[in-house]
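Colleague: Chain residues, written in single-letter form:
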Amino acid sequence: DTGVSQDPRHKITKRGQNVTFRCDPISEHNRLYWYRQTLGQGPEFLTYFQNEAQLEKSRLLSDRFSAERPKGSFSTLEIQRTEQGDSAMYLCASSTVYEQYFGPGTRLTVT
Amino acid sequence: AQTVTQSQPEMSVQEAETVTLSCTYDTSESDYYLFWYKQPPSRQMILVIRQEAYKQQNATENRFSVNFQKAAKSFSLKISDSQLGDAAMYFCAYRSLGDDKIIFGKGTRLHILP
Chain A
164 DTGVSQDPRH KITKRGQNVT FRCDPISEHN RLYWYRQTLG QGPEFLTYFQ NEAQLEKSRL
224 LSDRFSAERP KGSFSTLEIQ RTEQGDSAMY LCASSTVYEQ YFGPGTRLTV T
Chain B
53 AQTVTQSQPE MSVQEAETVT LSCTYDTSES DYYLFWYKQP PSRQMILVIR QEAYKQQNAT
113 ENRFSVNFQK AAKSFSLKIS DSQLGDAAMY FCAYRSLGDD KIIFGKGTRL HILP
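For the protein sequence lines, the chains are A and B, in the order given. My numbering applies: residue 164 is where the first sequence begins, and numbers increase by one. My numbering applies: residue 53 is where the second sequence begins, and numbers increase by one.
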C-alpha cells in the first residue's frame, strides 16, 4: 500500500449526466474526507466519514451530491445532473488522528 | 467561523536562497493545529509541517521551519536553501482541535529560479 488512490484521474462529462468517483484510502485509516478544489483556490471541505458513518456534510454538498463508504473501506462520491459549476478537482484524503494524506484527485470537466 | 488568508498569490526565489511565505488566520479558539501543505504541479498534496497551537516552540522539518505568532495569529513558512523541487503551490491550513475538517487558504505559488 503506497497511499490514497482515486479513480478516475480525469473525467469529462456533458452537463446533466451523472458521474461517480472512487477513493481508496490507506488501509489502516478509519477517517476519510472529500474536498473540492477549484482553479486558484484551496481545497474546500465537502464531507467526512469515520468508518462507514458519514459524520459531517458541508453546505457546499447540494442534494445532487451523495457520498458513501460501505463497510468503512473505499468511498464513492456521486454527482447527479452535473452542472458546469461542478467542474473542479475532487480530492480524497484519509487519516488516523493528525495528518490527512491526500490522493491525486479526480479532475472533473463538465461541458 | 475560522478563516485562513495567504496574501501572496505568487513568489519567486533564487535557488539556494531563503524564502518566507506568509499566512494569517482568524479564530476564537485557543487550541488548534496549523499546517503547511505543498501541492506540486499535477501531483498530490503532501504535508510539509504541522504546528500545535499549545506549543510555543516553532516546528522545524529539515529546511522548512515556521514562525508561529499566536497572539498575532500569524503562521509563516520559511524555506532555506531553496531547491528546484520546492516549486509548488503552498497552502496554509487550520484545523480545530475538536474538528476533523481542514480549512485551507488560497495558496501561494512558489517559483524557484535556477
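Bear in mind the hints are in silico, worked out from the structure with no lab data behind them. Backbone N, C-alpha and C fix where the C-beta goes; we use that ideal spot for every residue, glycine too. Just to be clear, a hint being listed does not mean it is correct.
What the hints assert, rightly or not - Straight-line C-alpha distance at most 25 Å; calculated DSS-like pairs for lysine-lysine:
(1) B:K107 to B:K125
(2) A:K220 to B:K130
(3) B:K122 to B:K153
(4) B:K158 to B:K122
(5) A:K177 to A:K234
(6) B:K158 to B:K130
(7) A:K220 to A:K234
(8) B:K122 to A:K220
(9) B:K107 to A:K234
Stated by the list, open to error - Coverage of chain A stretches by chain B, computed from C-beta distances (three or more under 8 Å per stretch; other residues unrestricted):
(10) 199–211
(11) 251–263
Colleague: For every hint, state whether the structure bears it out.
Modeller: Hint by hint, here is what the structure shows:
For a cut-off of 25 Å, the pair hint linking K107 of chain B to K125 of chain B stands: about 14 Å separates their Cα positions. In summary, the hint linking K220 of chain A to K130 of chain B is not supported, as the alpha carbons are separated by about 34 Å, beyond the 25 Å threshold. Among the hinted pairs, K122 of chain B with K153 of chain B is consistent with the structure: their alpha-carbon atoms are about 21 Å apart, no more than 25 Å. With a CA separation close to 21 Å, the supplied pair K158 of chain B and K122 of chain B stays within the 25 Å bound.
Restraint check: the Cα-Cα separation between K177 of chain A and K234 of chain A comes to about 31 Å, which exceeds 25 Å; the hinted pair is violated. Restraint check: the Cα-Cα separation between K158 of chain B and K130 of chain B comes to about 18 Å, which is no more than 25 Å; the hinted pair holds. The suggested pairing of K220 of chain A with K234 of chain A holds, with an alpha-carbon distance near 19 Å, which does not exceed 25 Å. Only pairs whose Cα atoms come within 25 Å are accepted, and K122 of chain B paired with K220 of chain A is rejected, the gap being roughly 29 Å.
Straight-line distance between C-alpha atoms of K107 of chain B and K234 of chain A comes to about 37 Å, which puts the hinted pair past the 25 Å bound. Note: the segment 199–211 of chain A has 7 residues with beta-carbon separation from chain B under 8 Å; the three-residue rule is met and the coverage holds. For the segment 251–263 of chain A, the proposed coverage by chain B is satisfied: 5 residues have a C-beta within less than 8 Å of a C-beta in that chain, meeting the threshold of three.
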